[in-house]
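**Student:** Go by the hints and put chains F, X and H onto chain D.
Number of protein chains: 4
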Amino acid sequence: MIIVTRPHVTDPELDAIREVVERAGLQTHLSRGEHRTIVGCIGDERMLAEVGLSTLPGVESVIPVLKPYRQVAREFRADPTVVVVGEGEGASIGGNQLAVIAGPCSVEGREMLFSAAASVRAAGATLLRGGAFKPRSSPYAFRGLGEEALALLAEVRAVSGLPVVTEVMDTRQVEIVAEHADMLQIGARNMQNFPLLSAVGDLRRPVLLKRGLSATVEELLLAAEYILARGNDQVVLCERGIRTFKTATRNTLDVSAVPVLKRETHLPVIVDPSHAGGKSWLVAPLSFAAVAAGADGLIIEVHPKPSEARSDAEQSVAPGEFGDLMSRLRAFAGAAGRTMSAIPDNVPVDPGSGAGG
Amino acid sequence: MIIVTRPHVTDPELDAIREVVERAGLQTHLSRGEHRTIVGCIGDERMLAEVGLSTLPGVESVIPVLKPYRQVAREFRADPTVVVVGEGEGASIGGNQLAVIAGPCSVEGREMLFSAAASVRAAGATLLRGGAFKPRSSPYAFRGLGEEALALLAEVRAVSGLPVVTEVMDTRQVEIVAEHADMLQIGARNMQNFPLLSAVGDLRRPVLLKRGLSATVEELLLAAEYILARGNDQVVLCERGIRTFKTATRNTLDVSAVPVLKRETHLPVIVDPSHAGGKSWLVAPLSFAAVAAGADGLIIEVHPKPSEARSDAEQSVAPGEFGDLMSRLRAFAGAAGRTMSAIPDNVPVDPGSGAGG
Amino acid sequence: MIIVTRPHVTDPELDAIREVVERAGLQTHLSRGEHRTIVGCIGDERMLAEVGLSTLPGVESVIPVLKPYRQVAREFRADPTVVVVGEGEGASIGGNQLAVIAGPCSVEGREMLFSAAASVRAAGATLLRGGAFKPRSSPYAFRGLGEEALALLAEVRAVSGLPVVTEVMDTRQVEIVAEHADMLQIGARNMQNFPLLSAVGDLRRPVLLKRGLSATVEELLLAAEYILARGNDQVVLCERGIRTFKTATRNTLDVSAVPVLKRETHLPVIVDPSHAGGKSWLVAPLSFAAVAAGADGLIIEVHPKPSEARSDAEQSVAPGEFGDLMSRLRAFAGAAGRTMSAIPDNVPVDPGSGAGG
Amino acid sequence: MIIVTRPHVTDPELDAIREVVERAGLQTHLSRGEHRTIVGCIGDERMLAEVGLSTLPGVESVIPVLKPYRQVAREFRADPTVVVVGEGEGASIGGNQLAVIAGPCSVEGREMLFSAAASVRAAGATLLRGGAFKPRSSPYAFRGLGEEALALLAEVRAVSGLPVVTEVMDTRQVEIVAEHADMLQIGARNMQNFPLLSAVGDLRRPVLLKRGLSATVEELLLAAEYILARGNDQVVLCERGIRTFKTATRNTLDVSAVPVLKRETHLPVIVDPSHAGGKSWLVAPLSFAAVAAGADGLIIEVHPKPSEARSDAEQSVAPGEFGDLMSRLRAFAGAAGRTMSAIPDNVPVDPGSGAGG
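From first to last, the protein sequence lines stand for chains D, F, X and H. To get the working numbering, take the position in the first sequence, counting from 1, and add 38. To get the working numbering, take the position in the second sequence, counting from 1, and add 38. To get the working numbering, take the position in the third sequence, counting from 1, and add 38. To get the working numbering, take the position in the fourth sequence, counting from 1, and add 38.
Just chain D, same shape as in the assembly (with noise of 0.2 Å):
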């Protein structure tokens, strides 16, 4: 910590300061210079953070000097985080293989999520993404199917083989999510909801956690501190656009926010082409900016019949459309030095064997 002292700050002033910080364990350091003297704090600054150092009289700013995050940060650990999402082998995330999850916006019914799950998994995706709770502005919009949604997304697992990602909003719902689904997804409107991220970090699941519209990086480094400090470190980011004056897109795909992340981080972090762009015609283009990026994976909404899609009709692509996405995305995964998941022999999902799944 740094403090910075005002013009003609007096020497009882300084003398306060520097009490105000040796009373919180850390050493002084002054340095007096031709327009400013500065006061170097020596010691575990964090003990600095609950002190109203900026109140007292003479001091014109506070200048952190350590991040505020300790165990998501990449000194905390040499090795990248691969999260293994699923049982058995599973699907892995922050390895050399780019990871690729895919699937409704929300499960509109059994039909439509079996006939998803065959499309993506014979195009290469290594996990399934479905809402079953949807937060939606509107209190008049479909919000999921609930229960209904889980219990479907448990049987697709079981005849697909690909590990389910979903969405959990509510800290009462922690509990029957985490049964159902291989991996919790935190969506963006919740990246604060300190109780449901702690609740999430009591788990032995791995999280995905999406960065809010407004949050800047250490925000979202803090946000998955969170659940990393309850025991939980099988956490993956997700860069899924920022709100900006601009309205040619639904967001703004901050792709740089991948590599500022690679660098501050050991966790992984895979980018959301749909809910960046907002438009199914923009999906194949920031899938291919994000990997060239340095992105470990992506998770892209796939709708068997977009137009008919309850939420998101606009940003989902078809089976097809993803399907030529995933052919061309394998140069550029290559580019990156990244391998693609080799594509299943057809074995079909079929929808009438679920039930037994």
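There could be a bad hint or two in this list.
No copy is singled out in the list; a pair is fine if it fits within one copy or between any two copies.
Claimed, not checked - Distance condition first, Cα-Cα at most 30 Å in a straight line; then the derived BS3-like pairs of lysine-lysine:
id, residue 1, residue 2
1, 300, 317
2, 317, 105
3, 343, 105
4, 300, 343
Derived from the structure by calculation, the hints contain no laboratory data.
**Tutor:** Frame of chain D; chains F, X and H shown alone:
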């Protein structure tokens, strides 16, 4: 709903568009222009919200005509809503008298709380704020005294006569907070925590709903609609600064949101100058600006000794500053055609007598 | 300047950093903390502005301590600057009396200009605005009458006695605009048109400098510094709304910029509520808020018949509305400790007599 | 143009609205819905741009249907524009081959310029950048060598064969810059300097138009339209990062602007990863992302010794880094279906021979 088609839309495309709209129960109305054909949709356009119109071939853009909220709209209720907080006469928000909520960021102990209550009451505040559960960006920061703070708030209310406002962050806490507080605050980070909005919508207690850091006015109104849609129409909206590119202040007070909201909704609108500016010296000018712009009230952080505050030290004002602010505020309130409460007789708020309150 | 080094900085790296700083004429001062070593730089840190300190091995970040502007700073001049516009007594901006500049967005013809001048003068405005050269987003929009408008402005000044303010957009026009106008406006889009700033810096006429749509407070002050650095200290700053994610208003009035600027600089600060809100019904509440926050004045678009305005129709107020606004404004000005000019005797501003004025 | 009326619009109000529209030469078309009446306007809606429709009684909102730009639109020209820079064969921007413009932020002297030119040419760049007139936030910063730099650029072009790009900031400099440079750059701060846009529109030289920090895609296209409207269609657009709330990078690269622009306009689109990220270590990942998203080229700051650069030191890459970047870039260009220029034979660019070039 107006559907603008692409330049060379074909007749079969137009037929398909019309079919989708008419299937949803609306009528269509074609208007062939020189450059574009427009399909007007007549009827309840909310029926089209779930239909992926913009994904249909030939569609260039879809423009909603109706506002997506109903019960919060001025058209829904002719008279402004006046929210009465507390038992007996209580304190009103939304009437001609300016409402001033004041008190510490967090309840840090009995003595400071009683001291704060006494000083804000003496200065003319009519409600007391104080955090029990604090949302903090870092898991390592002070997060409030929790239930102990709730008990202290109930105690100080009994002694001071000031109704109390406190934040609720978790659906699991709604019940206990409602038992102790007169008004429940939904913080900026939870403005789109939809399960929480629904939970306070089921109460019959006033709710203070703060605007999210990057929420549009429409999203704020839709969040309030979640609460009204569950039967609780005792909602007060609060502008507290938005996140912009600007770094000279903690957030950017969006003072124009006040007249915009007052025009759109019958709900009361107050302003939080403490979080908006983030500096104690900005609290007074931003309070005056808010009232001049038409705000129904203010919520201000006051701490008996700001430099010792365990959170928001930099933006808390001391009792003396608050008293000055309230004195100067009277002239602005008068210019805005509002009254302020009379200063109460100086009956002390004695912490000693609290236990028996 | 403070240089924060990386965790495991080496001694040779530290030596190289110190050498660069000392070569620029400053002294260094090492402070070895638990986690980081800090290099304090003592002396004129502006000497380091051109040195790529942050690119040196071992450097994590470089933190400036001094503000980058000099002559505009409060520390540079103890008393507030009062800018006097026009000949003779002229009209003051920055003193105790609130300055109100009003008039049409663009000068569309003689009759409308004289009519506007007469009505704003009758309502108590002390300066007249009117655009001759209009910056327009589209090349197909009306771009002002140019030199013809300059002549009309000079004419109406002679008759009305109101000093005139008009925008200059091109270095090649500075001379002719300065011949006709009493105050030159640099528009928001040109706030960082540095050759233009230098050109008006060479004049000895007052300049109205509008904040850019995405300019920080510091950048606005540095833009003013360009003008002062050339010897022209007659500069008035104008907050006119910034660009944010919000779409309910044309721009977002950054009302907190007013107290922030007043604290940082001795220059007068006024507000443009017309461009900030973009709607005529927002002009009054935003004017009141600006004055309550401490603004030295306002600049307001008034058009004799807004629905016929060739630019900014939506945000222009009619003379009647402007009169009402000015009447209500007196109470807010009073609350802010300011006076307003007396309403002048109703000497008509007669277009007929203009030619001989 | 679609006019949405207020809920209880009266017939006389509707008549007045229709009259205004029809007077402007368009036809109207009424569509009475359950909640709103819509007035469709058929004809050239640009005729309505100057009419204050939204100020008419009974009007709730006015929704344009047509885009405000013409000549830059894809509809205006079927084939993509390929801009050829320099004499003879020159260097193309907009064709299948990826264009790479590289060089120092500013021309600081002959030696560094020749060295930079030699190294970027050796790595495969096809155009040379170098600033002669530098826009700087502070009047006390280095502002370029001016005409001396122009002469050096002409010289190094003669020797290296690389066409040169340099910024022009002032209408008075357009002529002299055009005499020396092959392509004129309009910087981000001047994107809406309309006299300057018109001035370069009168030339018959290619223009590199950078997006303003807070410019929408539409505003960028309208700025280009200013140039095309004067007869110069050799315009290249450049995305260089926008200003958002985020501080982890200098600006926020809006990578989705690339596919959005490519869809809207026939003009080439390049990306400036140096200004977008503001850090040398971000230049490579952002370059790869830009090309993956479909950019036609890149403009990159390369300095022989970044730590000694007099401007933009932090974001300049050294020749070695640039070489590595170019090598890695080939795979991404290939994945995007683009070629890159062959590396030239290593003919040295010798400063000594420059004078005779």
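**Student:** Flag every earlier hint the structure violates by its number, smallest first.
**Tutor:** none
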